[in-house]
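What follows is the residue order along each chain.
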Amino acid sequence: MNNIAVKSDMQSTDATSIVIDEVFPHGAEVLWKAITNGDLMGRWMMKPTGFEPVVGNRFTFQTTPAGAWDGFIRCEVLEVLPLERFAFAWRGGDEGNVGYGSKLDTVVTFTLRRVQTGTRLRMEHSGFVLPKNDTAYTNMGKGWVKCVQTLSTVAAEQN
Amino acid sequence: MTNVMSMNAEPIDISAVMRALADPTRRAVFERVAGGKEITVAELTKGSGVTQGAISQHLKSLKQAGLVIERPEGRNVYYRAQPEGLTPLADWMNHYSAFWRDNFDRLRAVLREIDP
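Residue numbers (the working numbering), protein chains in the order written: chain A, 2 to 160; chain B, 10 to 125.
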């Protein structure tokens, strides 16, 4: 069971999330370690600097700079609920940039749940602000819907 | 190594699209253009509560953002929506979708290694 989707939060804000939800054939403990240990994070995500799994901890990921943006993704641990939930703020970019390096003030949330075959990991990267409101996008929507469908059908390969 | 959105490079003019649709009136204009097949400035102005000049300005911005295209015919100019204009938004999100999808693949491999 796995999928990746882009979903919109139409009611409250003009924000969009990326969601990946997959079952891993491992215990919650090992999965928790993989997502909250700096060295292990570096092996599958990006190498964090100054990371500790403690609420309020500030750490960075370093990536390619763009324009006025130095390429640092500035993060802050928001929630640490062992074996259940881990969330951090993901901020970066600059207002002067378009596309790559554009300003981001987002949140990454990992949620773990034990299932028969292992552990289900759900990642939601939320807070991508797109210019839309309900009526504009519901009514004219075809182009947009097509875009979103394209993204939604990108299935994460299991194994 | 892993580098978020490192496949960037292409000048995706997402902010032009965002700017164009940030204005509620302009968004409403876009919505009306997209709602039908083709429409003229005069038709758009009718019942809109704003002047024809204002509508023209909005159309100009939408055109620059690649969201509408125009077709002159005689004295009239017909406008229609160009849904492809919205793809920069999708592309932008696509960077992150791909990033996380790759991450999950790598995570799976790491887990297999540390917990065989």
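Honestly, the hints are just simulated from the structure, not real lab data.
There's no promise every hint is true.
Below are the DSSO-like pairs computed for lysine-lysine, each with C-alpha atoms no more than 27 Å apart in a straight line [what the hints assert, rightly or not]: (1) 48/A - 34/A; (2) 104/A - 72/B; (3) 55/B - 69/B; (4) 34/A - 104/A; (5) 55/B - 72/B; (6) 55/B - 104/A.
Chain B stretches covered by chain A per the calculated footprint, using a threshold of three residues with CB under 8 Å from any CB of chain A [to be verified]: (7) 77-85; (8) 113-124.
Non-contacting residues of chain A with respect to chain B, defined by C-beta distances greater than 12 Å in every case (computed) [said to hold, decoys possible]: (9) 34; (10) 42; (11) 44; (12) 46; (13) 54; (14) 85; (15) 90.
Predicted model, so just to flag it, every value in this text is computed and none were measured.
Even for Gly, the Cβ is constructed at its ideal location relative to N, Cα and C.
Checked hints:
no.: 1; hint: 48/A - 34/A; in the structure: holds, 15 Å
no.: 2; hint: 104/A - 72/B; in the structure: holds, 24 Å
no.: 3; hint: 55/B - 69/B; in the structure: holds, 18 Å
no.: 4; hint: 34/A - 104/A; in the structure: violated, 30 Å
no.: 5; hint: 55/B - 72/B; in the structure: holds, 20 Å
no.: 6; hint: 55/B - 104/A; in the structure: violated, 38 Å
no.: 7; hint: 77-85; in the structure: violated (count 0)
no.: 8; hint: 113-124; in the structure: holds (count 10)
no.: 9; hint: 34; in the structure: violated, 8 Å
no.: 10; hint: 42; in the structure: violated, 10 Å
no.: 11; hint: 44; in the structure: violated, 5 Å
no.: 12; hint: 46; in the structure: violated, 5 Å
no.: 13; hint: 54; in the structure: holds, 16 Å
no.: 14; hint: 85; in the structure: holds, 17 Å
no.: 15; hint: 90; in the structure: holds, 15 Å
The structure fails to meet hints 4, 6, 7, 9, 10, 11 and 12 from the earlier list, while all remaining hints are met.
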